[in-house]
Every structure is written in structure tokens, then in C-alpha cells.
Amino acid sequence: MADAIDVQTLGVRYNLRLTRKNTVRESFKNLARRREGPGHFWALRDVSFRVPPGESLAVIGPNGAGKSTLLQVLAGILMPDEGAIEVNGRISSLLTLGAGFDAELSGRDNILLAGAFMGIAHADMLARMPGIIEFADLGQFIDAPIKTYSSGMNARLGFSIATAVEPDVLLLDEVLGTGDATFRAKSQARVVELMRAARAIVLVTHDMSWAREFCNHAILLEGGNVVAAGEPGDVVLVHEERSEVRRAGGHPERLPPVVDPGLLTAAGIPGSAGGGAAAG
Amino acid sequence: MTQTSEAIRDAYRPVRPGILQTLRDTASEIATRRRLILYLVRADLKKRGADTVLGNVWWILDPLLTMLVYVLLISIILRTDIPAYPLFVFCAILPWKWFSSSVADAVTCITTRERIIKQVNFPKVVLPMAAATGGVASFAFGLIPLFAMLVLLYRDHLTVWVVALPAVALVQFVFSLAVALLAAAITVFYRDVGNVAGHVLRIWFYLSPALYGADQIARLTADQPAIGVIYHLNPFATLFEAYRDLIYDGHAPDWLAVGLVLLASLGLLLVATLVFRRLEPAFAKVI
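So the protein lines, in turn, are chains S and R. Everything in the first sequence is counted per my numbering, starting at 6 for the first residue and increasing by one. Everything in the second sequence is counted per my numbering, starting at 3 for the first residue and increasing by one.
Just to be clear, a hint being listed does not mean it is correct.
Unchecked claim - Below, computed lysine to any residue pairings styled on SDA-like, alpha-carbon distance capped at 25 angstroms: (1) R:Lys-48 with S:Asp-148; (2) R:Lys-49 with S:Phe-188; (3) R:Lys-49 with S:Arg-113; (4) S:Lys-152 with R:Thr-110; (5) R:Lys-49 with S:Asp-148; (6) S:Lys-152 with R:Leu-56; (7) R:Lys-48 with S:Ser-73; (8) R:Lys-49 with S:Ile-125; (9) R:Lys-49 with S:Arg-189; (10) R:Lys-49 with S:His-127; (11) S:Lys-152 with R:Asp-27; (12) S:Lys-152 with R:Asn-123; (13) R:Lys-49 with S:Leu-143; (14) R:Lys-48 with S:Leu-143; (15) R:Lys-48 with S:Leu-242; (16) R:Lys-49 with S:Met-134; (17) R:Lys-48 with S:Lys-191; (18) R:Lys-48 with S:Arg-18; (19) S:Lys-152 with R:Tyr-214; (20) R:Lys-48 with S:Ser-156; (21) S:Lys-152 with R:Asn-58; (22) S:Lys-152 with R:Arg-44.
If you're looking for bench data, these hints aren't it; they were derived computationally from the structure. Just so it is clear, the structure is predicted and the values come from calculations on it, not from any experiment.
Whenever a hint applies, use it, and build me the whole structure from the sequences.
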């Protein structure tokens with residue numbers, strides 16, 4: 006069976022000169038400054054891993070390590086500047102909550118709009134509508150414009166849509182702690198259910214118990230590189246040790262990138278990993 | 003280790019598709035996402051009508067009120083001698099409302115969808131496409147007061163030539179779409195475009211034969227051939243005259259000139275599509 010996700014020496018580069026605050030004036034300034042220092046930085050570099058069907062991968066790491074960028078590349082939102090990624094099957098992403106919704110439209114219209122953005126056939130979306138509405142449990146608010154929703158309701162609707170389409174590959178970014186206790190329990194049950202249905206999941210989380218409980222594998226990202234890969238328990242331990250050093254105000258020793266963690270079966274803990282042969 | 007990863011990097015270097023492939027991809031993306039375009043247009047219409055007492059009646063009133071402003075200014079205060087001036091100026095206001103609202107929507111269509119662009123992978127070309135299509139609705143609604151005027155007030159201007167309106171409108175659509183694609187893509191990188199667009203549109207309107215006819219400035223263009231050349235480079239010089247030929251004068255437009263505008267618009271659309279597709283991968287990084 007083909008891997009659900011195959012990532013080879015992925016690199017994503019951001020151009021520091023092109024930002025949202027760009028104006029013509031600044032570009033002239035930049036033109037003059039062209040020779041000074043690198044104008045870009047690598048948000049991800051040399052990231053390689055594979056996720057077989059039915060597996061789930063936890064991506065952990067400090068803020069700014071490239072976790073969200075990795076999810077965006079997997080979702081096809083960002084193009085790799087280097088390397089290649091292959092994702093087999095339908096992808097659904099819950100990258101930022103409640104996003105993509107049109108605040109003026111009703112919950113019902115937003116379900117259809119979200120489906121159209123995700124490229125799901127209209128008939129298919131209509132068929133799934135009752136399930137989505139039931140799971141989101143918004144009551145009569147489903148017909149109200151979503152600008153009237155609380156952030157929790159927004160998140161519930163987003164989660165319901167993203168998981169109702171039965172994705173082959175589900176990408177989740179920190180959204181499991183959504184809503185009240187009841188909805189949290191429900192959403193956990195849904196994620197476990199999706200995982201059982203032999204679908205791959207990539208979960209970005211700061212909640213280490215989620216990584217340990219629900220994922221078979223984990224990678225630790227730091228500075229855009231995979232620096233540890235393997236059993237979630239082991240990787241979490243490495244991450245926690247290093248976070249402890251950071252909390253104390255120190256700088257943990259720089260780990261060498263794990264260039265080829267392969268199928269994520271070997272515990273790629275520092276010392277035992279790195280320098281792996283290129284996989285075909 | 004660095005050598006190995008360098009070798010792997012080379013093996014996986016991304017490649018950029020050629021021109022024909024890019025055009026084919028774009029066409030198939032639009033075809034498969036036509037429902038998304040429809041939703042976006044409909045959501046936009048719903049929103050514009052939703053918060054006002056009169057709702058969609060504004061779509062009809064809006065061009066009429068604009069017309070009244072110009073009639074007051076040009077016909078009554080400046081005392082122009084153009085007969086049936088309300089109809090004369092309406093022939094230009096109607097297509098212009100369509101064009102200017104398309105461009106105004108296109109300028110913001112990518113930047114305001116920042117969150118969804120960062121959440122879902124979809125062909126971004128649907129956004130300017132929806133902006134350009136949404137303007138068609140304002141044009142279609144504007145046809146209601148146009149025909150009301152023709153039937154009730156200016157029956158002697160009404161000829162069978164009005165059935166040719168869709169042909170001229172199609173040419174305008176191609177041009178609007180090209181401008182929308184360029185405006186949308188460039189605004190992502192230069193927010194200045196948003197500030198400039200309103201002013202450019204206003205001066206563009208006054209430099210086009212909207213409030214006046216081509217014959218009013220015939221003397222100017224005859225004395226100064228350079229001005230004449232620039233004047234005729236403006237696609238709206240041809241388009242406004244063509245609309246007016248069909249509605250106001252009731253005879254065939256200069257089909258050759260309209261055809262040339264169509265050819266130029268198709269060329270611009272080709273360039274705009276390629277520019278858009280070239281910049282598209284960077285949208286999610288920049289906004």
C-alpha cells in the first residue's frame with residue numbers, strides 16, 4: 006500500500022522582503038539594500054518523513070519551529086521551494102478555527118461554501134449537511150449569520166465540517182481543545198473514529214498527552230528541521246527536556262537534523278539518528 | 003550528510019509548468035470550481051442587499067441616481083445640447099458601474115480572503131473570476147431601468163439593435179476579467195494599488211466618452227493627433243460608443259473597432275492569467 010504521506014527533503018522558504026506591509030516605497034528601499042544579507046529564511050528545510058495509512062503523526066516543537074508551515078504544505082496551501090511531497094487521498098484540514106467562513110452568511114450557507122472551497126461535490130455536501138448540523142449542535146443558530154456565533158460555536162462548526170467529509174488524510178492544528186467538555190469528548194471520539202478507519206492524521210499540538218495517547222509516531226521540529234523522530238513517548242521526553250532548559254533561560258544544545266526518519270519506526274533520538282541513507 | 007541531502011534536493015527540485023499547461027490547468031480549475039464561483043457571487047449579492055431597507059432595489063436605483071447627478075450637472079447646469087441626455091449618459095453609466103465594481107472587488111478579493119487562503123487549498127483564480135462575474139449582476143439589474151426608460155420616455159430610440167447588447171457586453175467581460183486578475187494579484191504585493199484604484203477609475207471614466215460623445219472631442223483629437231491616438235487606445239472609447247450605437251442611436255456599432263478591442267482584451271487576458279498563475283503560489287506566504 007502506498008504511503009498516505011511521503012515527504013522528501015522538503016524546504017519552504019520565506020522571502021523577508023515580501024511582506025503584507027509592502028508598499029512601492031519600501032520596495033525601492035529593498036532594491037537598494039539587495040546586497041545586504043540573506044533576504045529569505047527557511048521555515049522548513051530537509052524535512053523527510055513518511056506516514057503509512059492508518060498511522061497518526063504528532064508534530065511537536067516550540068513556537069516558530071515550522072509546525073504550522075508543515076501543515077500548510079501538506080494541505081497544498083504552500084508550495085515547496087525544495088523537495089517533494091506526495092499526499093495520497095482526500096485531504097481535510099483544520100488549520101485555523103472558524104476560518105474560511107463568511108460572517109454575513111448563515112451556518113447552513115457556510116457549510117455549502119466551505120464544501121465548495123474544499124472542492125466537494127454539491128450533492129455530496131447536501132447529503133452530509135444533516136450530519137454536520139447534528140454534530141455541531143448549534144440549534145436554531147444554524148440559520149443565523151455566523152457573525153452572531155461565539156468563538157466556541159464557530160470552532161464547533163469548523164470541526165464538524167472538516168471531519169464530516171471523511172478525509173483520507175486529516176490535518177489538525179491545535180483544535181482538539183475546542184468548546185466545552187461535552188464537545189471536547191465528542192470531538193476526541195470523532196478523531197479516534199477517523200483514525201480507526203485507516204486514515205492518516207497529522208496533528209500539531211502543544212498537548213503532550215494527545216501526542217502520547219492518540220499518535221503512533223511523533224516528530225520534533227526545531228528551527229525548521231526534524232531533530233527527533235520516533236515513538237511519541239520518546240520524542241515528547243526529548244521535547245520536554247529541551248523545553249525545561251529553555252524555561253530556565255538556557256539554550257539547549259543544537260540537535261543535528263534527522264534527514265531520513267524513514268517510516269518512523271526507529272526511535273530517531275539524538276545520537277542514534279541523523280546521516281541516514283537517502284531513501285528512494 | 004550535506005552532500006547526500008544536496009543530492010536528494012536536486013532530485014526533487016520542483017518544476018514550473020509551461021504556458022500551455024498553465025492555461026489548460028486554469029481552464030480546468032475554473033470549470034471544476036464553477037459552483038464555488040457561483041456561491042461567491044451569490045454571497046456577495048446577498049450581502050450587498052442584506053443590510054439595507056430596500057435590499058436589491060438598490061441595484062436598480064443606484065445607476066438611476068448616478069444618472070440624475072450627471073443630468074443635473076451636465077444637462078441643466080452646463081446646458082449641453084445633446085438630446086435625450088439622460089439616455090445618452092445612462093448608456094455609459096451602466097457598463098461603467100459593472101467595470102468599476104468588478105475592479106473594486108478584484109482589488110480586495112484576495113487580501114480579504116486571507117484566512118481561507120491559509121486554511122484550504124483551492125484555485126485562487128476563482129476569486130477575481132467571481133469579482134468580475136459579480137459585476138454582471140449589477141449590469142443585468144441596470145437593464146431594468148434602461149428598458150423602462152426606453153419604453154416609457156424614449157420610445158423613438160428603441161430599435162432592434164438592443165438585442166446585440168450581449169455581444170458588446172461579452173467583449174467588456176473579457177477586458178474586465180483581465181483587469182480583475184491583474185489587479186487582484188498585484189494588490190497582494192503592493193497594497194498601494196487599493197488606494198490608487200479609486201482615483202484611476204475616476205479619471206478613466208472622465209477621459210472616456212461617457213458624459214460627452216466622441217464628436218464633442220473630435221476637434222481636439224483632430225488638432226492633436228497624439229491625443230487622438232491615446233484616446234482610441236482606451237477600450238472604453240470604443241465600448242461606450244458601441245453601447246450608445248445600439249441603445250441611443252439605434253444602428254450597428256463599428257464592429258471592426260469592437261473586434262480589435264476583443265483581440266486586445268484576449269491578449270491582455272492571456273498575459274493576466276500567466277502573471278496571476280506565476281504569483282499565485284506566493285499569496286499564502288505574503289498575505
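Practice task
Check each numbered hint against the structure and report the violated ones by number, ascending.
Solution key: 2, 7, 9, 11, 15, 17, 18 and 19
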